[in-house]
Each structure stands twice: as structure tokens, then as C-alpha cells.
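Enquirer: If you're matching them up, the sequences are chains Y and W in order.
If you count the first sequence from 1, position 97 lands on 97 in the numbering used here, and the numbers rise without skipping.
For the numbering used here, add 337 to where a residue sits in the second sequence, where the first one is 1.
Fair warning: there could be bad hints in the mix.
What the hints assert, rightly or not - With the C-beta cut set under 8 Å, the calculated list includes, among others, these residues of chain W facing chain Y:
1. K340
2. K341
3. T388
4. K409
5. L424
6. I428
7. S431
8. I439
9. A447
10. E453
11. L461
12. G526
13. E659
14. P662
15. I664
To be verified - Once the Cα atoms are required to be at most 30 Å apart in a straight line, the calculated BS3-like pairs of lysine-lysine come out as:
16. W:K407 / W:K364
17. Y:K3 / W:K340
18. W:K364 / Y:K4
19. W:K340 / W:K639
20. Y:K4 / W:K409
21. W:K407 / Y:K4
22. Y:K27 / Y:K194
23. W:K340 / Y:K70
24. W:K407 / W:K639
25. Y:K179 / Y:K303
26. W:K340 / Y:K72
Worth flagging that the hints you see were computed from the coordinates, not collected in a lab.
No residue lacks a Cβ here, since even glycine has one placed at the ideal position from N, Cα and C.
There are 2 protein chains.
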Amino acid sequence: MQKKIGRQTMRLSRPPAIVASACIGGKQEQEGPLAGWFDELSGDGFFGEKTWEKAESAMQKRALSRALEKGKLAPGDIDFVFAGDLLNQCIGSSFSLRHFGIPFYGLYGACSTMGEGLSLAALLLDGGFGVTAAAMTSSHFCTAERQYRMPVPYGSQRTPTAQWTATAAGCTILQAGGKGPAVTHVTCGKIVDKGITDANNMGAAMAPAAYDTLSAFFQDTGTGPDDYDLIATGDLGQLGHEILCDLFAGDGVTLGDNCTDCGLLLYDRQNQDMHCGGSGCGCSASVFNGYLLAQMREKGWKKLLFAPTGALLSPTSSFQGESIPGICHAVLIEAQS
Amino acid sequence: MQKKIGRQTMRLSRPPAIVASACIGGKQEQEGPLAGWFDELSGDGFFGEKTWEKAESAMQKRALSRALEKGKLAPGDIDFVFAGDLLNQCIGSSFSLRHFGIPFYGLYGACSTMGEGLSLAALLLDGGFGVTAAAMTSSHFCTAERQYRMPVPYGSQRTPTAQWTATAAGCTILQAGGKGPAVTHVTCGKIVDKGITDANNMGAAMAPAAYDTLSAFFQDTGTGPDDYDLIATGDLGQLGHEILCDLFAGDGVTLGDNCTDCGLLLYDRQNQDMHCGGSGCGCSASVFNGYLLAQMREKGWKKLLFAPTGALLSPTSSFQGESIPGICHAVLIEAQS
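Same shape as in the complex, but just chain Y:
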């Protein structure tokens, strides 16, 4: 069987199954419409720790621990874990994983990390390099604001195009030969940079990457948007989602009601004042590992196309006048009959 189909897409020959998943969230997530799908929610955002960075690390620890419990697995059962986050040097991931003793490959894919981790975990299992693997990521509103923008107590005004970084973590456990929805295709994204320089408009910066990866996926697989029960991009938010629809419309392709964005799902944008919606690695990670996988089971969906997007900028690159490179990694999850 040809595993590589087209330039960017890989078809798995023995699709590993999602045997467990977990998600953890904070205060805004607790007040949002998806609260019921979280495994744990912390009202104060500190998760029992003294700093926000340690809290973010604690979230990943809890997400992995809960996923292991739900899958009736021990850390020693996990062949390898892929994890990363938005913090400088990805300390959310490395400090959370310190005491688990699981072989670890660290990632940096910004808000595309959940898609990147799922992709690589699935590919290695399909390649026969292990039986069970985990993929994990997180973000925290307060660590992200402090690092990318201003410390929260400064009370910065947010622009209308701004999105709200989720305080959330998600973890997926995949198993070769396991029972559950399986990862059947993976599309590796290319960096796309259309010259957007406004760091408060990530949706616009990332939409062309989502368009690029989804177009490649449709072309490589010979399918179209209507072939999927749901297409969920990462954190494009309202404006980015509209741009994505416009880009496809230019090709004569209509993205219908079966295409949404995790940043549009996590919060009640009217009543929670979230401007363009949610963002951050933890947004798509928690929406996927909670709500989306549950919907897939409950509604009997056959095919879920999950395509988180990341903006690969840093405060330094923006200070130096650089535009914002985007990337999107897509993963097709299919129900096993």
C-alpha cells in the first residue's frame, strides 16, 4: 500500500485508535458552553500552584494522568509522548513530564501542536515503533498574556480582532490495534506567510495556512468538504474562519455548516466577551479531546477532520518588523466499524 499520497498527505496502513482522552480547563472554560465535556476545571487558574507557569505545567500533568486513568494505563505502558506548548522553551510540557518516565519527543508547533502531536504519534505507531503513544499540549491565558503581550494586571485593551488564549490542556492516547475512532490520514503542513504583521489578528495570519493544508488534504485524498461529518480547524476565530471560507469560495468550494473552528466553540462569545473567539494550544486540544470526540461517539459521526493552526511568531520577530508565518497540521479521524 502506498502510504504517501500526494505531496503532503500520509495514509496509515494500520490506523491506531484513540483509546482515551482527557481535557482540563480554567475559569472561562468553566463558564463556557463546553464545560460539561471537561474532565477537570479550576476556578482560579492556579491548579494548586504558586505561579501561572507552574499551573500550566500542572494542567498537562492532570490531563495526562486523567487520560491514563480513563484508558486504564500506567505511564510505563506509554511507548512515547509528544508534547509542546506556547511557553518559551516549552516548559509547560517538559516540567509536566519530568516525573512520568515516559520517552519524550518535544514539539513546537504553536497552536497547531495538538495536530502535530497526534500526527507524529499516529505515524510512529503505524510504522510499528510502539503500541501506545500520547500527544499532549496546553496553554494558559495568564502565561500567554505575560509572555506575548502585557502582564494581566496592566489591564490592556483588547482589539476587536483579538482572541482569548484558553486556559486548558488536552491529552490523547493512541493505541495500535485498539478500539475507538482511528487516525487514518495525516497531512503535514507547510509554512504559509501572506505578510500579516498584526500580532492581534492571528486568525488572519493563520487562515491561509489552514486553506493550504485543507486544500492539499482534499486534493491528495480526492475528497471535498462534504465528505466529512465535521471539519474543525484550530484557532482561527471568527475573522480567520470567514477568511478561510472566502479563500475556498475563490476556488468555487463552499465550506458549509459542517465546517467550524475550535475557537468558535469553546466560549459563548456574546456573553463571555471573547471578541473573535478562543485560541492557544489548549483551545483546540481541549475542544478535540472533550467535546469533539464525545460528539463523534454520541452522534455516530464517521469522519472528523481536525486541523489545528499555529502562528509561528515570537514577540522578538514582531519587534523586528517580521510578518507572521502560519502552519496547519490536519488529522483525519474515522470511526471504526
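For this one, chain Y is given, so just place chain W on it according to the hints.
Expert: Frame of chain Y, contents of chain W only:
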């Protein structure tokens, strides 16, 4: 064939070959003993750019371009590239790859990145997901000093245990069924944290991780240090290398003259005043892609065990009193007869 052997090691069934490699360096590298093995050296460290961060990105661009040239390949021939670096949000990698149009998986493994990228590229090729892949990383003395310590013009005193972050980049191109030394085994590291908190003593923080991964490799493969022409750890430097030897001595295992460290090779420590030696992702990446692969060819080595180490700290984690988690990813390169 069983691909997973032991807890951490994977044996490749169709080992992909290293068909091309390239390395780029700056002023100190130009004045060091390995200068002759670099493809390009820039005396001013700016590589034609206006900022150090852009210079670091330019180094990766040059490393990939030179490796492609040497392998007579075009960007469109590369199925995927794995890259990462030390800069916040890994902008050295993402900005360098913006214009190549190669499917990209971003990594964060600190100074273990060359080992991590080689591992994952080899595993995906062995899994049949592509034919040709690249792994790449970089570091830059001035970007690292500014980000982790003090801006260079401040003129900080360096401690005796300090290492010198290399201004260098390295790129390896692997090909399934290609000619050249091949990646036959990969050992995925676990995070090891023995409580070292001195961010100026990275060697001590990372040595236990090197010990852990190399021990796992020897155990999983049923071999010992004497079975290899050379074992080259990443950037432990003088002190870390001594600690590694001590840790093995505690098990009754002697690491002999065939065990060295890339941080001990890159500079003339007596005359270049490099204290404990070189460090940074670019150190092991340039030593491996230049000097070590050349030695392997020229000296007819059969087996080179390359084991770069990373310290997964950030300035924020150190400010918050945290110790330094280390990781080491090992890759066995064998000559193909």
C-alpha cells in the same frame, strides 16, 4: 522484525541513509580546530542580516540550501523537514523555512534537537511515509546570550562551568534506500532531573540524561561502549563529560577514548577561552554534519553513536526556583557495506 527493542530503543528495518549534510558557522567556529569541515563561515556573525535572530534564521537557510546542493536535490524533493532551535517560539527554524515550501514538523528539544530531528526523520522514512527527509537546527551565541543571560554588550563575567553557545547550524538529509551511512537505531530519551539549579552549569544538569539514554541504548541493544568506533554526546562540555564517565564508572563501565563530546571538539579550549567547551543546538549539529560524518567516511568507521543532550529550562523556570530537566536522544549511524 521487532522494531521496538526494550523500553526506549527502536531498530529500523530499512535504515535510511545520510545522503547529504551541511554546516554553517560564525567567527569562533572559524577560529576553531574544526573550521575546515564547515561549508560556510561568517566572520561577523550577521550572515548579511541586520539582527542576530535574522542571522540565525539565515544560517539555517544556508545549511538547508547547501545540503540540498550537495545532495543534488530541490526543496520539492524533500518529503518533510524536522527543525527547531533555542530561540523563543523557535523562530530560527520557522523563519528559515518560510520560503522553501517543504512540509514541516517543528521541534523543541533544546540542544538535543539534532538527535531528535534525525530520530524522527529516520523513523518516518523507515515507516514508509516518504523517501527523503531533512533534519536541521541552529544556535547563535548572541541570540542565546540575550535571551538566556544578558545582552552581549553588558560584558557579563562567565563562570568556570559556563559553556560557549555555538554560532552554527547543521542540516542532514536522509533518504530511504540511499547510499551512505545509515540510521539503524534510535533511542528516545526520557526527562531526567537530578535537581541541579545552576543555569551556568548545563553540563552537570544534562549528564544524568546522557547516562540514562546511553544506558538504555546499551541495555536495549545488548552492547557496550567498546562496540562503537565513536560515541559523541551532545554538549556536556568538560565537566558534564567527566560526570558522565563517573556515572558509568559507578556501574563498572569504562568510557574510554572512543567517547567524547561535541562541546569538547568544536573549539580549542586552551586558546579560545571557552571554559567548559561549546554548547547550543548548533554545536552538536555542526560537529556531526561536518567533522564527524567526514571522519566516519575517511577513517572507515563502522559505528558512530551520536547522543545530543538538551537542558529543558527557561529563564522563567530558573527565576521561579526550578531545577533543570535534561534529555538526550541517541541515534546510531552505521556504515553500509
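Enquirer: The structure should be examined with respect to each hint, and the outcome stated for every one.
Expert: Status of the hints after comparison with the structure:
| no. | hint | verdict |
| --- | --- | --- |
| 1 | K340 | holds (5 Å) |
| 2 | K341 | holds (5 Å) |
| 3 | T388 | holds (5 Å) |
| 4 | K409 | violated (20 Å) |
| 5 | L424 | holds (7 Å) |
| 6 | I428 | holds (5 Å) |
| 7 | S431 | holds (4 Å) |
| 8 | I439 | holds (7 Å) |
| 9 | A447 | holds (7 Å) |
| 10 | E453 | holds (6 Å) |
| 11 | L461 | holds (6 Å) |
| 12 | G526 | holds (7 Å) |
| 13 | E659 | holds (7 Å) |
| 14 | P662 | holds (5 Å) |
| 15 | I664 | holds (7 Å) |
| 16 | W:K407 / W:K364 | holds (23 Å) |
| 17 | Y:K3 / W:K340 | holds (18 Å) |
| 18 | W:K364 / Y:K4 | violated (42 Å) |
| 19 | W:K340 / W:K639 | holds (21 Å) |
| 20 | Y:K4 / W:K409 | holds (22 Å) |
| 21 | W:K407 / Y:K4 | holds (25 Å) |
| 22 | Y:K27 / Y:K194 | violated (35 Å) |
| 23 | W:K340 / Y:K70 | holds (28 Å) |
| 24 | W:K407 / W:K639 | holds (23 Å) |
| 25 | Y:K179 / Y:K303 | holds (16 Å) |
| 26 | W:K340 / Y:K72 | holds (25 Å) |
Violated hints, in rising order: 4, 18, 22; the structure is consistent with all others.
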